[in-house]
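Residue numbers (the working numbering): 7 to 541.
Source of the hints: derived by calculation from the structure; they are not laboratory data.
Please read all numbers here as calculations on a predicted model, not as lab measurements.
Take these hints with a grain of salt, some might be off.
Cβ-Cβ distance ranges computed for the label pairs, FRET-style [as the list claims (entries may be wrong)]:
no.	residue 1	residue 2	range
1	R73	S384	42 to 52 Å
2	I489	N68	47 to 57 Å
3	I59	H264	36 to 46 Å
4	G113	E225	36 to 46 Å
5	T466	S262	22 to 32 Å
DSS-like cross-link-like pairs, simulated, lysine-lysine; straight-line CA separation at most 30 Å [stated by the list, open to error]:
no.	residue 1	residue 2
6	K180	K86
7	K372	K182
8	K102	K180
Even for Gly, the Cβ is constructed at its ideal location relative to N, Cα and C.
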Amino acid sequence: MMIFSENRYIYFVVILLLNLPVSIFAQVDFNSSDIPIIIIETNGQEILDEPRIVANMGIIDNGESMRNYLTDSINGYYGKISIEIRGATSQSFPKKQYGFETQNDDGSNNNFSLLGLPSENDWILFAPYSDKTLIRNILAYKLSESLGHYAPRTRLCELVLNGEYAGVYVLTEKIKRDNNRVDISKLNPNEISEDDLTGGYILKIDKSTGSNCYGWSTEIAKIYIQNEYPDCDNIVPEQKLYIQDYINSFEEALFSEHFADPVNGYRQFIDLDSFLDYFIINEISKNIDAYRLSTFMYKDKDSMGGKLSFGPVWDYNIAFGNADYMDSYKTNGLIATSHVWWNRLLQDTTFNNTLKTRWSEIRKEKFSNVRILNIIDSLVYILEESQQRNFQRWNILGNQVWPNYYIGHSYESEISFLKSWIINRLNWLDINLPGYYEDYRPFMDYETSIFPNPFDYFFTYVFSLEEAGNISLRLFDSSGRLITNIINNSYYEEGKHKIIWNSFLHNNIVPSTFYIITLEVNDRIVSKEKIIKKF
């Protein structure tokens with residue numbers, strides 16, 4: 007089978023024999039890449055929203071640290087796919103994203119390992135467009151995965167579509183029931199009683215655009231829920247009724263007077279750990295769509311644990327400060343308070359305290375400032391070369407693309423904004439996340455003092471170190487916004503130290519209100535104290 011149309015194949019052979027540069031990509035001079043190349047040829051057909059069309063796909067992937075040339079042999083995948091345009095709002099962008107299935111010549115499923123990901127046949131080529139960092143989805147998925155949950159695995163690549171360079175894409179696993187994806191029990195149409203009936207289900211809260219599958223609204227909150235698995239062709243009435251009754255029972259318990267009761271309240275229906283971690287990922291990113299769109303849940307059989315779990319996480323391209331509406335670009339505030347289920351959960355003291363405990367533990371290492379920034383830096387390193395071609399093809403840097411809040415004039419400025427936004431968001435959550443955690447006193451081993459407090463235009467900060475380390479001293483306002491780095495990652499010897507901050511000398515006269523000053527030792531917050539500017 008030939009991966010390209012005959013004429014195009016001959017063109018590539020000529021290019022190879024004559025050792026000429028590839029010139030068919032008029033928009034970008036694209037001959038090779040340091041990341042994998044995916045080539046799709048539709049043989050003159052237009053890719054539609056639906057139905058899918060059959061096309062040919064090849065992947066050039068010579069391995070880590072190896073360069074991939076368009077004239078190299080197709081070695082990652084060489085075969086047919088069925089492909090369609092996917093997404094809702096994103097369909098209005100010129101850079102399209104695609105859903106595709108790898109298939110055999112006869113149209114049957116062809117489970118295949120693409121770019122080293124576990125073998126499957128359902129895939130997505132996500133097209134970062136309004137997210138000019140190109141990495142917000144990947145970042146959210148990696149953070150969720152680090153908490154021990156399945157999140158879609160991804161690989162960065164560059165796409166050539168019908169002979170034209172299309173930019174940087176993210177090969178992404180589609181959310182589905184699979185041993186290597188959402189690992190819950192298979193639910194067959196004949197399983198309609200006892201334990202068989204109780205799982206597995208995948209549900210989603212989302213727009214109904216492009217979906218003809220069965221959906222229903224909950225009895226109390228009127229939240230519209232759709233069945234993702236089993237799909238429309240396989241789910242039977244008994245299964246529809248069971249999962250609907252289960253969700254309604256959870257909701258009834260959640261809004262009852264005894265909702266916080268550990269036995270008779272909402273907790274009998276949910277996997278609390280998954281709820282906490284889902285909350286954390288959405289609040290770290292301040293995901294504007296959280297809890298109401300692109301929201302997945304699943305339930306396995308009772309014999310397998312059987313409680314409702316939230317996840318996997320999905321679709322964070324307009325999170326992390328990238329949307330200009332509903333205050334989502336601000337680093338303060340909780341998205342959860344705008345959703346009836348999650349706002350109710352926040353009225354449970356035990357939920358809040360457990361949340362604070364979980365937050366405090368993961369902030370020590372998994373979600374430390376340094377680790378999150380390292381994840382970003384590692385992705386930026388991979389994209390150092392290919393992002394330049396992407397923005398040659400899609401000339402959007404410095405231009406507003408819906409729903410951008412920040413408009414950077416370079417890729418570096420987009421990354422800088424993302425980093426700054428995340429650090430400010432993390433610090434706001436450190437201070438304002440509800441709940442109480444008895445051991446959340448990381449400053450106890452460090453002697454600190456501030457005077458005068460309240461202050462006029464200067465104050466003195468004194469701290470002691472038991473051993474040498476890199477120190478940061480930061481001043482935040484009450485919303486968690488960084489006012490200034492008094493000290494920024496500077497080396498200090500063991501012993502007692504005194505820092506004088508004078509707002510006149512630093513040209514930073516702050517308004518009269520209260521502030522938070524944090525001391526970080528080796529990138530770990532060890533002290534947080536309130537300081538007041540005189541009124």
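Hint check:
For the hinted restraint 42 to 52 Å between R73 and S384, the CB-CB distance of approximately 20 Å leaves it violated. A beta carbon spacing of about 49 Å between I489 and N68 agrees with the range 47 to 57 Å that was offered as a hint. For the pair I59 and H264, the beta carbons lie near 55 Å from each other, so the given range of 36 to 46 Å is not met. In this structure the hint that G113 and E225 lie 36 to 46 Å apart at CB holds, the actual value being about 42 Å.
A C-beta distance of roughly 54 Å is found between T466 and S262, which places it outside the suggested range of 22 to 32 Å. Among the hinted pairs, K180 with K86 is consistent with the structure: their alpha-carbon atoms are about 18 Å apart, no more than 30 Å. A threshold of 30 Å between alpha carbons decides the hint, and for K372 with K182 the separation of about 27 Å falls inside it, so the pair holds. The hinted pair formed by K102 and K180 meets the criterion: a straight-line CA distance of about 16 Å does not exceed 30 Å.
Hint compliance for this structure: hints 1, 3, 5 are not met, and every other hint is.
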